[in-house]
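K.L.:
Sequence:
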Amino acid sequence: MLKKMLETPTRESERSQGRASVFIQARTTTAKNKMSCLKCLKYTMCVVNFIFFLCGAAIFGLGIYMSITFKYLSLFPALSAINVANGLYVIGIFVTCVSFLGFLGALKENRCLLISFFILLFLLMLAELTVACLLLFYEKEIDNFIESELMASLAKNEGVNNSTIDWKIIQETFDCCGVNNASDWKTSDPEKMSSPICKDNTQQTGCYTKLKKWIEDNLLGTGIAVIIICSIEVLGMCFSMTLFCHISKSGLGYKL
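For the sequence shown, the numbering used here assigns the number 3 to the initial residue and increments by one for each residue that follows.
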């Protein structure tokens with residue numbers, strides 16, 4: 003009887019140790035799986051941001067090439083600094099800087115870079131939402147502003163004897179002439195109309211008219227593209243915040 007009483011605590015102790023061992027092993031396995039997921043998340047973020055970094059550098063290089071090779075006249079005289087080359091500069095620099103922050107922040111597990119990446123993407127989404135709201139609520143005013151600026155740009159372009167390529171490219175790309183129609187060109191000299199299309203057909207449809215029709219015909223594709231861009235931005239924000247929280251919990255601090 004005494005022997006049985008002594009054996010019972012021993013067996014209970016062994017069972018407790020066995021349960022504790024299983025619990026520790028389960029926690030270890032869970033921690034390993036969690037670390038594997040975080041590593042996958044980290045390197046996915048690195049690869050995606052590296053690809054965007056290369057794309058941004060390519061866009062910036064294209065802007066430099068176009069500014070050196072061609073001479074541009076702004077399509078919006080009221081916003082004279084805005085042209086194709088300058089637009090490529092801004093887009094290229096922004097994409098390169100943001101992707102660099104995301105790449106380096108994920109690779110080095112740096113909280114400061116990750117939160118900067120998150121804030122920039124958040125501000126970009128706010129800017130896109132603001133632009134969408136402005137286009138929705140001030141559609142008529144924006145339409146009138148663009149048309150008047152294009153007319154002013156066209157009048158300014160008539161006196162430069164084809165030294166700029168903005169209107170030439172637009173007219174040849176969209177197979178159009180002028181803003182609303184060919185009569186927008188005040189000159190009768192075909193050499194100052196920037197494109198052979200205007201010389202061959204003075205009743206050609208205007209470029210702005212065709213552009214609006216093209217946008218209306220491609221609303222579905224435009225909407226899908228916008229959704230994809232916004233999805234990438236949201237995923238980037240989620241990935242960066244997940245890594246940021248993991249670094250904060252693990253106590254890695256500002257790792258260099």
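Among the hints, a few may not be true.
Unchecked claim - Here are the computed lysine-lysine pairs in the BS3-like style, where the Cα-Cα straight-line distance is at most 27 Å: (1) K170 - K214; (2) K158 - K215; (3) K44 - K110; (4) K142 - K41; (5) K158 - K212; (6) K170 - K215; (7) K251 - K110; (8) K170 - K212; (9) K110 - K158; (10) K142 - K251; (11) K170 - K158; (12) K41 - K170; (13) K44 - K212; (14) K158 - K142; (15) K142 - K44; (16) K158 - K251.
Don't read these hints as lab results, they were simulated from the structure.
K.L.:
Are the hints correct? Go through all of them and say.
P.N.:
Quick rundown of the hints versus the structure:
no., hint, result
1, K170 - K214, "19 Å, holds"
2, K158 - K215, "25 Å, holds"
3, K44 - K110, "10 Å, holds"
4, K142 - K41, "50 Å, violated"
5, K158 - K212, "21 Å, holds"
6, K170 - K215, "20 Å, holds"
7, K251 - K110, "16 Å, holds"
8, K170 - K212, "15 Å, holds"
9, K110 - K158, "52 Å, violated"
10, K142 - K251, "51 Å, violated"
11, K170 - K158, "14 Å, holds"
12, K41 - K170, "51 Å, violated"
13, K44 - K212, "45 Å, violated"
14, K158 - K142, "24 Å, holds"
15, K142 - K44, "46 Å, violated"
16, K158 - K251, "61 Å, violated"
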